[in-house]
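There are 2 protein chains.
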Amino acid sequence: MMQRITWLLVAVATVAGGIASTAPASGPGGGEAAPVFGIKVFPRYRDWKLISVAHEAGNLNDIRAVLGNDIAIKSYREGRQLFPDGAVIARLSWNYVPSEENNKVFGRDQSFVAGSRPDWYLQFMVKDSKKYASTGGWGYAQFDKDGKAADEAKHGTCFPCHVPVKDRDYVFTHYAP
Amino acid sequence: MMQRITWLLVAVATVAGGIASTAPASGPGGGEAAPVFGIKVFPRYRDWKLISVAHEAGNLNDIRAVLGNDIAIKSYREGRQLFPDGAVIARLSWNYVPSEENNKVFGRDQSFVAGSRPDWYLQFMVKDSKKYASTGGWGYAQFDKDGKAADEAKHGTCFPCHVPVKDRDYVFTHYAP
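Those protein sequences? They're chains G and W, same order as listed.
Under our numbering, the residue at position 15 of the first sequence is numbered 17, and the numbers go up by one with no gaps.
Under our numbering, the residue at position 152 of the second sequence is numbered 154, and the numbers go up by one with no gaps.
Source of the hints: derived by calculation from the structure; they are not laboratory data.
One or more hints might be untrue.
Since the list can't tell identical chains apart, any single copy or any two copies may satisfy a pair.
Claimed, not checked - In silico lysine-lysine, BS3-like type, Cα no more than 27 Å apart, as pairs: (1) K42 <-> K76; (2) K42 <-> K147; (3) K106 <-> K156; (4) K168 <-> K106.
Keep in mind the model is a prediction, meaning the values are calculated, not measured.
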């Protein structure tokens, strides 16, 4: 009996230790809820797995990573048509800047990297088919690097922009294998 | 006593369940070891956390994500000068392609996304200060999307290219917060 308890304690400690060894994510903490959808910054979004990357030229001129919580990643990898409730997709973006450091090594201007964080640094799409039924089952939120939410007018623009990709459950980003 | 055992079993099951719920990564499996450094594809690299993103123009013309295992991520977040042994950095790249789908919505050509995987899809830097003492403490490896390693000549070019960033422990990529 005691041996079993010892084994269980070791197992718990090992597994818990494995989790604790992951350093905390930097970035804005939770706190302020975004207007309209009432979403707060997800505390560990910076630890989420990668969905894909992109560069938006023009006014945005950013380079971005799209990350997903485990439910979103699982849904992507299984190739599902619809994301289940609980799926959350995070979009992180940084100002798109040339890397002088890298270009020196390459001997030409070819390298563009993530610079500082713009006002639209962080966005979330949160699937809750009941709560967000009127916006395709998704809630939307945008925060700056300090966790300050964008205003109500801004949040009113999210859903209309995603409507053209309704047949992909309102999600623009494809999974990059 | 039985209550304690029950509690421990529940704890183990909960924690183990949390881990098991993570879907397996897609991408090339392990197998072939890269020449020179003898590194194989790390089985779960696609689940690693994000370090940063970049676009390489010119001949490469790719968009890339740099991911790290937990040791590498912890080292980055702590702002260490040198990565400890066991740190592994993965560089994934995809062909840089315009997204017609996104551009239609935006009404202009602004969106560039991850396309198919080029021959230089996957690279690793593996810190082992003893094993790789002659190349700055890092081993290097490159694989295509099928897990096929690049040849010996290619692997001979890795370290010389990283020497200019010796003062940052031979690592080009900065952590994007």
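To see whether the hints hold, each was checked on the structure:
Within a single copy, K42 and K76 get their C-alpha atoms as close as 23 Å, and across copies as close as 25 Å, so both meet the 27 Å cut-off. Taking the closest pair of Cα atoms, K42 and K147 come within 27 Å of each other only inside a single copy of the chain (13 Å); across copies the shortest separation is 37 Å, beyond that limit. In the homo-oligomer, the alpha carbons of K106 and K156 lie at most 27 Å apart only across protomers (21 Å), although the nearest pairing inside one protomer, at 40 Å, exceeds that limit. In the homo-oligomer, the alpha carbons of K168 and K106 lie at most 27 Å apart only across protomers (14 Å), although the nearest pairing inside one protomer, at 44 Å, exceeds that limit.
The structure fails none of the hints (numbered hints given earlier).
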